[in-house]
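These two chains come separately, so use the hints to put the complex back together.
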Amino acid sequence: MSYAYLFKYIIIGDTGVGKSCLLLQFTDKRFQPVHDLTIGVEFGARMITIDNKQIKLQIWDTAGQEAFRSITRSYYRGAAGALLVYDITRRETFNHLTQWLEDARQHSNSNMVIMLIGNKSDLDSRREVKREEGEAFAREHGLVFMETSAKTAANVEEAFINTAREIYEKIQEGVFDVHNEANGIKIGPQHSPSGAGLTGNQGAAGGQGGGCC
Amino acid sequence: MSCTEIFGFVLSDTLCRANRGRKHDPVMFSRISDALQAAADVIAPPCPRVEDLRYHWTQLSFVCQRCQHYDGQPPAIEETHVPRHLSQMLKMLVAEEREQCIGGPLSPCMEYLVQEKVLAALALHARADRPLGIRQHVYIFLVGVLNHLHHTHLHHAPIHKPLQVMVRISCETRASPYEAEEIEFLSTLCEKIRQDSSIILLYIQPLALTGAVSSGYTPEDSLPPTPSHINMSPNNSDPVSVVALEKSQPKFPLVDALLNLCHSADSQISATAHDCLVGIASVREGQSSSTIARYTLLPHYLATRLVIATDNIPADTEPALIEDVPSSEKVRTEGNENSDSDDEEVIGEFPGKKEIILFLHWLTFCDKLVGVSAGALGSSICNTVREVFLDGVLRGNLTSDDEDTISLYIALTAKIVTSVSSPLLVNGIISWLTEDSEDVGGESSMRHHMLLLCQQPPHHLQIQALRLLQVLMEKPGSMAVQSLVLNYVATRAYHDSSAAEHLQSSWSDEEDERYKHRDGETSPGSPPISRTLAPANINKIVKSFLTVVPEELRSTPKDDFESYMADAQHQYKDMCRSCSSFGWPREAVTPECPSDSSSTASRESRPEAEGNTFYEGPFLSMLMDFMEHLPDQDYDINLQVTSLVATLALLPHPHLHEYLLNPTITLSGGVRTPYTVLSSVVSKIHQPIIERDDYQDHLKVTRYQLLGTMEEFDFERDEDDRKFEALIVIEEFTKELASIAYAKYITEGSGW
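Residue numbers (the numbering used here), protein chains in the order written: chain L, 60 to 272; chain U, 927 to 1678.
FYI, nobody ran anything at the bench for these hints, they're computed from the structure. Every residue gets a Cβ at the ideal spot worked out from N, C-alpha and C, and that includes glycine. Don't take each hint at face value.
Facing chain L, according to a computed beta carbon distance under 7 Å, are these residues of chain U, among others [said to hold, decoys possible]:
| no. | residue |
| --- | --- |
| 1 | 1031 |
| 2 | 1040 |
| 3 | 1050 |
| 4 | 1078 |
| 5 | 1081 |
| 6 | 1082 |
| 7 | 1083 |
| 8 | 1086 |
| 9 | 1124 |
| 10 | 1127 |
| 11 | 1128 |
| 12 | 1212 |
One chain only, chain U, in its complex shape (with noise of 0.2 Å):
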């Protein structure tokens, strides 16, 4: 076998071996049968393989040689063998290659590419670019080597610093004249990674991974970790300067090398570095990730994608066009228009789209490389992108005085929240706008200013706030609903415990109370009735809801609840789904001391908790104010903010459930709940509307008005008109509200 390949060797390569002093005449052989070769072997055996990698590469080294000493214009490496050398030395290895048993003793050619430092002396050549394309060359050959020699081989120092050093080369400079050879080199490299992940040990740095020099061997290690692309030694042959020169350069050039090629200007290469971060950024091993996180810009490089791509958004890019925009990864495939892009067809162009879609890119990006790190990564890119982009760009935005700005990115601000994902990054964006931090600097926490958007004019300003509010709500897993509201139901202050006890209003309360105080006394296989979700007195409930609004003021004699039930059963066996790995308590129970409330509810809702006096926090306290005054407000605001409830009321948590939905509690003094509000709003306006004659038409007519068409309605309203359309939406709402009560008592009772 072995014999055969180099006797066809020998006849392709006869003119290389001309000088070599070993004859063998072409056309003989080609006249020679196979019977002749064994014989051949004895008289003059076939040279070995490491002759022919060593004439090979002598040869080579030689021109090369001849390169660094040469005056004026050096010879371009088109004017050499030197492609031809290395193509034949890549065959050897090759061929070799085949036959090596894996983890046996190195084969021969191997041994003489470690021991001869080919590849180190490869990656000098290349260093300097003598001859001038040699650096081309070079790559071209080590993708060669890495596509063939089998991974362990990439353990050997004389090999993978040589790599290393090729991998730096593609740090130095942006935009080479060979980017097409290092991204396939590097994206090789990033191959070899995957099928191998410990070699990614080998491109870290010595001090970025032990942390730092424990004892006495490199003491230069300890210099400051400072990146530098630009300090190149002039003289690249001298062996102390290259010293000098590793001992500043980066810690994981492999990722920098990639970072340099996110830039390129052919989309091609920029993409395929974009998914070797990928998948670097997800090698388990070590102190990859943390070092990535550490001493490399990638968390860095993806906030300022964002930021940029943030800034080259126009100013005049209609912000209601923005949620139809499609999230997909779909800018890449561009190009190739395939006819099924219906979302396309759907939204149209329109100014801004190109731009909001590149940045929707990014961010998409952003996230799949959060969702693929391992911890430390992932969080730094969270905080990272925190820093640079939330609170610069998206923050200076959203306080911005103008209101066209602010209209756009909330826009903006609620679509990033669909599209993410990844649950840090959710995390991340959610806590930013929810969490109650201190005021950091004068600048008050994103709740603040986010609750501030809703409460004052303009009008279509707090639309686009209640709506945001909405997005964060609906997100599945979503901390928003963690911080604006449990936790400050959590302790179940709202409920008054000790007058409950002697006001046990019926035989079915006081059964479920005492119900929900067992524990483990549950059915093996489904889990318990929740006696909170599932309150025996449903019905007493429901009706509590459905006469709020009194028999005489109704706009229709219809009742709709059944209409409403299906869509509450709907949405709350969806809503019990994505919210089933919260670990959420099954019933509302009074924690026996306070202590031991820690479970849901956070410090920061402690001290209004104290002393049992109940405070709703921010949110819920504004969408309370916000029914209070439903006959002063606009109906879309009306219906953003009954949305709102309705959205919390569909949650499974029994506190929340227990505050929204069960008019039948004993309330604490002065707690507001949707019920106690709705009915104080009704009985207000009960008067002033039954005063006037014509009220019953002016409710079908009102009614008509809101639900019936589509036609704009005139303007032209007095103090009334809004009472009445307040009254509509108090009566569907109501429904609404009784139909998801009993949704829950359904769902729950069947065990969903």
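Bound conformation, chain L alone (with noise of 0.2 Å):
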């Protein structure tokens, strides 16, 4: 249960890019192929290691519906990274990007990381948007891609780590306050025992000693 950090992550892309299908896949491993239309916004939570340090994440799936859209932008303030999903046997989610991302910059702290991400890779015969499409539009808006398949599972862990790894290098470098929750980071409990004077360097602050029962 204990962790060093806790990094809270949304979801944001077009109704039926797999938004929670990739969230399923990366918590419980799993894939259903029939999703009901995600209503509001649904959650998930893993730990991950990193640096040999436990790094909870804590997932808000939003809803892709423009009906929702009030309710979605009420997530974006506080999390400190965004998996950007588009579908790539479906043009129109790919052309929407720009407006999605718009709305995450407008929304969002400005250190947010964000990672495009293809879904549906394992539907290669269908595929209507080009990887390189995908790699030109991160590296114009300075962004991480990835290709993945919540189905195969495929770059589904590496999706999710990589962005964290992203987040812990931020911190490392001093450029998130950790302790600003509404930046999306949180330490760990045993991080910030009462007596708290170590502040210094925060990435520092040593999670070695997890071993807490």
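Here's what the structure looks like:
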């Protein structure tokens, strides 16, 4: 249960691109071909390890439908990482990326790490968006890019973990203020004892003794 | 802080924790000073709240699990610790919520609640109501959750889905034993929606939201939207059957549940449910209002309420008393009778009063809902009310064969018109009464029927129908004036413009006519003075009216024109205020080409207007007929007719003004105006009257009888009696028309 850091993520993108399936694959390691439309937000959590440190990911999976946009927006704030997902078999989901990105940049804190994800890479035969296009978009907007498949689990782990790694590195560099929960990062319980004198280099604040019963 | 709280909790909750292996001695704690708390933290760190939450939840689940598999009578909730566990869980959540930063990561208790699907499991227990009575406690728990959690938590599917399940449960049974808890839960939810209207989207079924299933996600959703409240699955624990059940559920269960509770026998519950509906209807978010309109029975409910309330009005209700029944929202506060309810004293009790008040209560509620509703819902309610109530009950009674029924319902219709105020409903009702609809299915339009009632005996129905028209004309913002009157005069076909060019009879007429065509020559700030409403030849106009009755036929030498003036000026100012938003033109000008007149002339009047023959429409035509027959009709009908014409004359519409109040314009052939009709009536009765030797005395006596006393005069009348009466009516009415024309001149000239 104990962790060194807690990162808050959100998953955004058009309806039907596979946001909920990515989350389910990452948290439960399974794939559900028919999934109810997400209404409001869903939630998932998982522990990962980076640099021998336990990091807890709290992931908000948002509704892609336009009708819920106002609800989705309230979740940008206070997220450290965002997975912006499109469907490589549906061109329009790629075309809407600019809007999503604008929305995200406008409502989130400026340090939020955004990972661009082209999902459904298993359906290569029906591909409408070339990998190169995704790469180009990511380069242009300073995002990290990956193609994933929630069905085969290809790159799913990597997508979530690489995002966490970027956030972690930003913490090491002192870019994130880890004491402000509105940044979507929280120091684990054992890192903030009541007499918290060690505020110096937050990242270095040792989480080695993670073994608590 | 948190430490102390937890210690406090430990003290209060020792019994509960006794079996948990953590040994805290309450006696010891009571002695320990604050200084020792830090030490205690290190030695035995206080167990995190989430552990407490987990403990209570596990215990509760265990009890419920046991009840599921209980043979025979399951234990009642009071015999278990479930209520206590629930209240402890709520305590954890509330305490943690107080420390939580909004928008940050989920706090441990909330995470537990969300991840362990605690609420979903609770909703399942509540649905099964096992242990018996748990449903009530779940409602109470959820009210606490709703009241204390920040509204953004309600976005979480693991939270709003179980809440939605609970909403549905309250759809399923009418008059459930838990009505009080249900309404508290629903009204708390509505309060949250009021705080954050986007939450309402979570309570609309996805199909209703998206309109159709665009991609292949949930094909089951394409089932026809049949709201069914009865298909309770026997084994609720089976997830498949629950899913199947959900698919066939109504699209907006929240509204259905509230409608359900509207029927509660407990008036307080029903009143709260109605208030909640008003709140929900006023939410302007996405397609919420159109979903209510399309998928719920709200519009139908309102119309049905009106129908039932109408059916309950006893047939022997005195129509004349309906007008004075107060149509405020007093019904609800009927219990506490305040001394200041004077109107009650004035009208007193009469058979049917209670039912009328109840009917007006529902009408007012309907009016309120239409008023607050966003577009689609408001018009949907109006359409349903028209279909079910107006075309159903009201039409049926107004066209009944029974005179008393007609009389009662004319009075009720007039009361309805005066009581409603939301523009949509006002227009809906008035257009139902006045529009020139094509005859549908052999049924004539209500307009036709109403005008027929005015013209045919029995006498008392004629009077009532004329009064109803008066009410329609006086309703602010009324469409009745437009559809019954203005549509017919807007073309100005009553005016012979070609003849007028040759026959400008005086300098001032010509000047006025030129003035009207000059656009944009306005002094900034004040509106231009209308040459139509304030014509330069006003003296001539006033004189024309005042000399309709020649001097030798006047019943009084007194010139009481002045006394009419004060009233007219006052009324005209009021009228201008209520008509200011209509965008009526200021000047009566003949449209250059027929298509130009489309601004005010509706299509329905076009056929008649074509070929430049003037048709005043059935209503004005009827009024002219009535005026032509003043010497043949009863005095009270004549009064009602002249009062209607005076009301129309007060309107600040240039064409109507010109038509009714300007005897100096050149008329097209065959056009009747009040001036021409009244003049011809006077000339017709002039001879027979003047032939009588005693005509001057007779005139004075008649005047005294009509205006002087309230005494009943005997009905031994001959032909001439009516003539004398008509003459006095005309004498006074022409003074009134003259005063209105002059009041308009003064008011327009001073820029009111």
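Do the hints match the structure? See the list:
Restraint check, residue 1031(U) versus chain L: the minimum CB separation of about 5 Å is within 7 Å; hint holds. Interface hint at residue 1040(U): satisfied, since its Cβ lies 5 Å from the closest Cβ of chain L, which is below the 7 Å cut-off. Because the beta carbon of residue 1050(U) sits about 18 Å from the nearest beta carbon in chain L, more than 7 Å, this interface hint is broken. Because the smallest distance between the Cβ of residue 1078(U) and any Cβ of chain L comes to about 6 Å, under 7 Å, the interface hint for this residue holds.
A hinted interface residue such as residue 1081(U) counts as satisfied when its beta carbon comes closer than 7 Å to some beta carbon of chain L; here the least separation is about 4 Å, so the hint holds. Interface hint status for residue 1082(U): upheld, as the beta-carbon distance to the closest one in chain L is roughly 6 Å, under 7 Å. Hint on residue 1083(U) holds. Least Cβ distance to chain L is approximately 5 Å, under the 7 Å limit. Because the smallest distance between the Cβ of residue 1086(U) and any Cβ of chain L comes to about 5 Å, under 7 Å, the interface hint for this residue holds.
Because the smallest distance between the Cβ of residue 1124(U) and any Cβ of chain L comes to about 4 Å, under 7 Å, the interface hint for this residue holds. Among the interface hints, the one on residue 1127(U) holds; its C-beta lies about 6 Å from the nearest C-beta in chain L, closer than the 7 Å criterion. Checking residue 1128(U) against chain L by beta carbon gives a least distance of about 5 Å; that is within 7 Å, so the hint holds. Taken as an interface hint, residue 1212(U) checks out: its beta carbon lies about 5 Å from the nearest beta carbon of chain L, inside 7 Å.
Comparing the model with each numbered hint stated earlier shows that hint 3 is the single one that does not hold.
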